[in-house]
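Q: Be aware that the sequence shown starts at 99, since it is given in this note's numbering, and climbs by one per residue.
Hints are supplied without guarantee of correctness; some may be wrong.
Simulated restraints on C-beta separations [said to hold, decoys possible]:
1) 241 x 150: 35 to 41 Å
2) 183 x 310: 39 to 45 Å
3) 270 x 205: 48 to 54 Å
I should point out that these hints are in silico values taken from the structure, not numbers from a laboratory. All figures in this text were calculated on a predicted structure; none of them were measured in a lab. The C-beta atom is built at its ideal place from N, Cα and C for all residues, glycine as well.
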Amino acid sequence: MLDPNVLTWMESTPSAVLTWYSQSGRLEFTGPVMARWLAKTANYVDEVLGGEQPGVALALPASWRTLVWVTGAGLAGGDVSITAESDLSSFDIFVTSNEDEARAAAADDPGLIVLLQDLGMMALEWSGDLPDGVSDAIAEVGSQPDGLAFAGAVPARLPQGEPSPSLEAGNQPVVVCGEPYIGSIWEAWCLQRPAIWIQPGLDTDTIMAQENLV
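Could you put together the complete structure from these sequences and hints?
A: Next up, the structure:
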């Protein structure tokens, strides 16, 4: 689990708490920036379904945006699943990066909140047209306050099947290669250690040298 108090640590940490290496490049998040993303996501989930322990389904690949959704929705009490299932009847919110999936989900269940998530590293909005009944995930989250706007944030829980490793206290960044990744990053944050995620296929040795970890 990830306690909401981790946001306090992030807000007071001007250095990077997450560095994300993918085929698209390197992206660094300082503590205040990550805290804002998590708070905005939690605020959105609380605003649309506050107090209902919403079920949140994510049909998303390994991405910093997926990490933010799992964490932010969890802090708002959401029961988050990373799933490729077509049966979404037990969920209240569905987030996908696939336009066809979003269109079908919205048509099948008009009561389901369906969001399209652009996975571009620096995307500011969904890059195409939105199907009927589908909203832009970046716009919905981005319009929320920068800090938690509701009382009663709860510890976020890992999605089913995501392991929770045990790490030692220290100051060095925790390096996470590929998947699973969310539990390792959460554990690093719980220990007030930054995390570095490296996509499979990248030159890990070179990255470690760039980060002064060798």
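Q: Hints numbered earlier in the text: which of these fail when held up against the supplied structure?
A: Number 1 only.
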